[in-house]
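A.B. asks: Guided by the hints, dock chain B with the ligand onto chain A, whose structure is given.
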Amino acid sequence: MKFTNEQMERYSRNIILNEVGVKGQIKLLESKVLIVGTGGLGAPAALYLAAAGVGTIGLVDADAVDLSNLQRQIIHSTTKVGKPKVASGREAINDLNPDVNVVTYQEWVSSANITDIIKDEDYDFIIDGTDNFPAKFLINDACVLLHKPFSHAGIIKFFGQTMTYVPGQGPCYRCVFLNPPPPNTVPTCKEAGVLGVMGGIIGTVQATEAVKYLLGIGELLTGRLLVFDALEMEFRTVTLASRKNCVVCGENPTLKDLIDYEQRACEL
Amino acid sequence: MIVKVNGNEVVLEKAISLKELLVVQQVRTPEYVTVQLNNEFISAGSFEDTLIKDGDEIEFLYFMGGGQAL
Ligand SMILES: [Zn+2]
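Each protein sequence line maps, in turn, to chains A and B.
Those letters in the first sequence? Residues 336 to 603, by the numbering used here.
Those letters in the second sequence? Residues 1217 to 1286, by the numbering used here.
For reference, chain A alone in the conformation it holds in the complex (with noise of 0.2 Å):
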């Protein structure tokens, strides 16, 4: 792959740094990161991925830009109110940059359709930006199941968290976590409120993960919770314990298929 002179000067930045170079420019250009939801955490992530190069970004979105959704979802505008929001990502990510090739899929994610997805361009990264745990389980799963690396946050009111699973290299979301909490036990974010900056504060942690996956570069939030406290202004990494015995990831796993948890819609 040859460069052209726009593209030496759009990169110039990352190319400049030892650690990503001409080479490592070539890698995010021949990559491919599937962003799930284009909503708080997956609109900042999806406009950082774009702008570093990445060269193919999957949208999954089933829903529409809503006024209520542009406190946070910098990726969407006033004048793109109504229209689907895998549409609006395509084009605000290729006016910043017409490089990038954008697959759009709008959709909810299910178990009949997550595998063809992350199978339709077999990503190599995926970014959970959902808002609910049905859909974290659903992609945890069956990013495990395709040994495929992932990104997992969320966020609400003025706190967020954040790890990375890469397959062999730590604990996935599910040794943490174990199963959804049961719906309605917990209020939604639309009850709760979220500060519109969590989302881009942790759904740009999130796009660093996956450009350093790329790039095969730095230590990875693998074994790992980042959990943000915005009143106290405080970043704390936990280390998480190991569980053998994880269904999806442990020794002998018993999750061989994909669970549609009981689900509660919820706009983050």
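Honestly, I wouldn't trust all of these hints.
Pairwise CB distance ranges, derived in the manner of DEER restraints [unchecked claim]: (1) B:G1223 <-> A:H482: 27 to 35 Å; (2) A:L405 <-> B:Q1242: 31 to 39 Å; (3) A:D564 <-> B:K1269: 21 to 29 Å; (4) A:E554 <-> B:K1220: 51 to 59 Å; (5) A:F570 <-> B:E1273: 50 to 58 Å; (6) B:I1232 <-> A:T520: 45 to 53 Å; (7) A:S412 <-> B:I1218: 49 to 57 Å; (8) B:K1230 <-> A:A527: 46 to 54 Å; (9) A:E354 <-> B:Q1242: 39 to 47 Å.
Bear in mind the hints are in silico, worked out from the structure with no lab data behind them.
Backbone N, C-alpha and C fix where the C-beta goes; we use that ideal spot for every residue, glycine too.
C.D. replies: Using the frame of chain A, we list chain B with the ligand on its own:
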């Protein structure tokens, strides 16, 4: 005795169980909290039988995303 809960030092007058610590720390829905004691997961069924010792490091990990941090 002194223990660490989510990185913060907590002074306890006497030895208490993990279940009691959840109450002392005002964890609202202990049934949905993941507990690590000295970097090992403790199942919810063992909260009552697990005694906290001096110097223990406890992490309460909360569900987050799509709902409130429990
Ligand atoms: Zn696991």
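A.B. asks: Give a verdict on every hint.
C.D. replies: We went through each hint and held it up to the structure:
About 33 Å separates the C-beta atoms of B:G1223 and A:H482, a value consistent with the hinted range of 27 to 35 Å. Taken as a hint, the range 31 to 39 Å holds for the pair A:L405 and B:Q1242, whose Cβ atoms sit roughly 36 Å apart. The supplied range of 21 to 29 Å is met by A:D564 and B:K1269, whose beta-carbon atoms lie about 27 Å from each other. Range check, A:E554 to B:K1220: Cβ separation about 23 Å, and the 51 to 59 Å hint is violated.
A:F570 and B:E1273 have their C-beta atoms about 18 Å apart, which leaves the hinted 50 to 58 Å range violated. Between B:I1232 and A:T520 the CB atoms are about 26 Å apart, so this pair departs from the stated range of 45 to 53 Å. A:S412 and B:I1218 have their C-beta atoms about 52 Å apart, which keeps the hinted 49 to 57 Å range intact. In this structure, B:K1230 and A:A527 break the distance hint of 46 to 54 Å, their C-beta atoms being roughly 36 Å apart.
Separated by about 44 Å at the C-beta atoms, A:E354 and B:Q1242 satisfy the suggested range of 39 to 47 Å.
The structure fails to meet hints 4, 5, 6 and 8 from the earlier list, while all remaining hints are met.
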